[in-house]
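S.K.: Note that the numbering used here numbers the sequence shown so that position 703 is 684, with each residue one more than the last.
To be clear, the hints were calculated from the coordinates, so they are not data collected in a lab. By construction, the Cβ of each residue, glycine as well, lies at the ideal position given by its N, Cα and C atoms.
Under the rule of at most 25 Å between Cα atoms (straight-line distance), these lysine-lysine pairs were calculated in the BS3-like manner:
hint : residue 1 : residue 2
1    : 220       : 441
2    : 441       : 229
3    : 70        : 80
4    : 220       : 173
Ranges between beta-carbon positions, derived for each pair:
hint : residue 1 : residue 2 : range
5    : 721       : 222       : 36 to 42 Å
6    : 721       : 325       : 26 to 32 Å
7    : 329       : 469       : 48 to 54 Å
8    : 325       : 116       : 52 to 58 Å
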Amino acid sequence: MAGARTGTMIYVTAIGDGEARAHWIDRDTVAWTVDPSLTHALACAAGGGIACRDGELTGDFLTIPLTPGTLTDGQRRAWPHLAARTALKLSPQDPGLVKEALRGQVVAVARDGSGAVVAATGVQIPGVLDDVYAAAAHARLGPSGRLLPRLALWAPTAHNVEVAIGGRITGMRRDDETGVWSVRGRPTWYGKDYTYLVTVWSPAAGAVVTNEVTDPYSLAAAPDGVRSRLVSLDDPALKPPGWDRLAKPAPVPLDRAVIYELHVRDFSACDAGVPEELRGTYAAFCHDGEGMRELRALAGDGLTHVHLLPVFDLATIPERRADRSEPDRDELAALPPDSERQQELVAMTAARDSFNWGYDPLHHTVPEGSYATDPDERIREFRAMVAALNAAGLRVVMDVVYNHTHSTGVLDPIVPGYYHRLLDDGSLATSTCCANTAPEHTMTGRLVVDSVLTWARQYKVDGFRFDLMGHHPKANILAVRAALDTLTPERDGVDGRSIILYGEGWNFGEVAGDARFEQATQSGMAGTGIGTFNDRLRDAVRGGSPFDADPRVQGFGSGLAGAPNGAPANGSEEQQRERLRYYTDLIRLGLTGNLRDFELPQGVKGSELGYNGTPAGYAAEPADAVAYVDAHDNETLFDALAYKLPPRTPMADRVRMQVVSLATVLLGQGAAFVHAGSERLRSKSFDRDSYDSGDWFNRLLWDCSAGNGFGAGLPPRAANEAAWPYARPLLADPALRPGCPEIGACRAAFGEL
-18 MAGARTGTMI YVTAIGDGEA RAHWIDRDTV AWTVDPSLTH ALACAAGGGI
32 ACRDGELTGD FLTIPLTPGT LTDGQRRAWP HLAARTALKL SPQDPGLVKE
82 ALRGQVVAVA RDGSGAVVAA TGVQIPGVLD DVYAAAAHAR LGPSGRLLPR
132 LALWAPTAHN VEVAIGGRIT GMRRDDETGV WSVRGRPTWY GKDYTYLVTV
182 WSPAAGAVVT NEVTDPYSLA AAPDGVRSRL VSLDDPALKP PGWDRLAKPA
232 PVPLDRAVIY ELHVRDFSAC DAGVPEELRG TYAAFCHDGE GMRELRALAG
282 DGLTHVHLLP VFDLATIPER RADRSEPDRD ELAALPPDSE RQQELVAMTA
332 ARDSFNWGYD PLHHTVPEGS YATDPDERIR EFRAMVAALN AAGLRVVMDV
382 VYNHTHSTGV LDPIVPGYYH RLLDDGSLAT STCCANTAPE HTMTGRLVVD
432 SVLTWARQYK VDGFRFDLMG HHPKANILAV RAALDTLTPE RDGVDGRSII
482 LYGEGWNFGE VAGDARFEQA TQSGMAGTGI GTFNDRLRDA VRGGSPFDAD
532 PRVQGFGSGL AGAPNGAPAN GSEEQQRERL RYYTDLIRLG LTGNLRDFEL
582 PQGVKGSELG YNGTPAGYAA EPADAVAYVD AHDNETLFDA LAYKLPPRTP
632 MADRVRMQVV SLATVLLGQG AAFVHAGSER LRSKSFDRDS YDSGDWFNRL
682 LWDCSAGNGF GAGLPPRAAN EAAWPYARPL LADPALRPGC PEIGACRAAF
732 GEL
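Take these sequences, add in the hints, and give me the full structure.
M.R.: See the structure below:
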């Protein structure tokens, strides 16, 4: 039996060249690049065993003949990346036969006139699963029920599914219309851990195997997510006092939101005003520490939302404190500010310390346990955090990651080949970083909607930021919006229409250019009121791009033309002046909300101004664009200015440039997005990718006497070594470490903005 952490690698049938180039897109059609002179068929074997030897298929299999034809216009629209393929039509089949074929090995075969096999390939099956199990889109999934629990799992290709709970294994019943397996349990099941035993054809193993997996619809989990835990989120024991009567701050539309991007652990890990046992946890938000006092002050200045980096169940942080290991902070603090040793010490414990950004989802709808004082208290403490932030006058945004899974994810072992996006040859798409999911498939997209609704209803979350939203179909994000809009205070306890949505509308990877569907990109989401991050403003203010080999490329906020730093990357004086004029146009445009129809002084519309080969102006309304100049990704604003401003720039002028840069975000139309600590000159010692850099490089220091984090040593080698020659002399310069007067001046100016 496979372990509960079975990997998410997608495998293709090990036949021929080991690829899966045929696409079974609906019950009647297989799309494949074929020679029309050949004869085509599907070979199907419930237990596998199909092989090709000496031009012959071997094994015990059923043959389904295929007839060449053409894809319909509707099929081409639904599958644009397959539009040029031949449509191989199945003869009218008993629907039960198609469903049975999908529960085993499926091979597409081409034979010549003599009957010899000349081509054989595995078959991608998500399209036909969506067609023949369309009723599953409305089936009840996951844990449900208040008195008698019910568990339901969509596993249409499984041969059998059982649930292991309370030390016993119980069979589940399959509904043939939906492909959902379900069981009604006993009240004693509540509070117990469970896993599913899914017996299914595995292309990876070339056999029918039994995978032990957790529930993709889990609402709670054992420590480290090794098992699901059956709970009712309506259980009073899981609610903090007053939860059902929680009073929300007044709703703020996205185009008037001022959003503060914050990591739960950063918030209090260094807060001396929080008891040590509460630092880095949800509970710190319920304590009157320095951080909460600052958040209340920021709310008084006009801050409206706190955006929390991922707080769903992560795969990479040990949830029990006893299992974690941290570097010695005193040893780190004693080292020179430009030393390599700090990053070496941090790297030694990175795999088992308390820190990660968290873009590695395990269970999408379970709170992360490492941020709880006890992982078994995660639900109640998460809710208490939301209540505390709301009481401080702040609404809460969750950073959600549905575009990929961690290698220990549970989706693929349940329905192999369905939940993740495959490339044309059947290999796994990994353009996001990891195993890309496929929200264009009905049940993957439904998981996104269902998960968001649970966070909104049960945790009263006020907004969602979608990681790599451009890898989602626009239709999927609009479905989230439509579902949220149905929530009412009377029925659901929340006003869904007040919930804001925004995300990363980047256009890249195998889906770029709407290759597979209309994407949720910057241009694609224009006019929807769902925001996308405005990288035009970011680059114009900072200068260059996050991918420059030389980090000293200057911009509007870092001295371009007016305070040259002498770096050859900035070009001649005339080139600098010309680039400043262009950057000024991008900033003018950004201040409007990046409106595509805004006319610049020279008579050019925003949509006519270029940006890396695309229109600079893409928004139809201010809510379509989220203005920012720094975020958790890339160097903090202070660090970027440290690279870009002339080395001898006085600290007072650095503060002014920080404030000017932030003003371009805060004084424009549309949502304003600020990385936590930018109002305090926060530094990560030049770390441009601090996702696994521990507390040391991610410190958020509320006490100005402790500095701003600059001079913590050279940033971690893996992502930053190429910039070490630029960083080393700056880190060693004591004039670049601000004190309380400078930090206080920046904070005061930020409050005025």
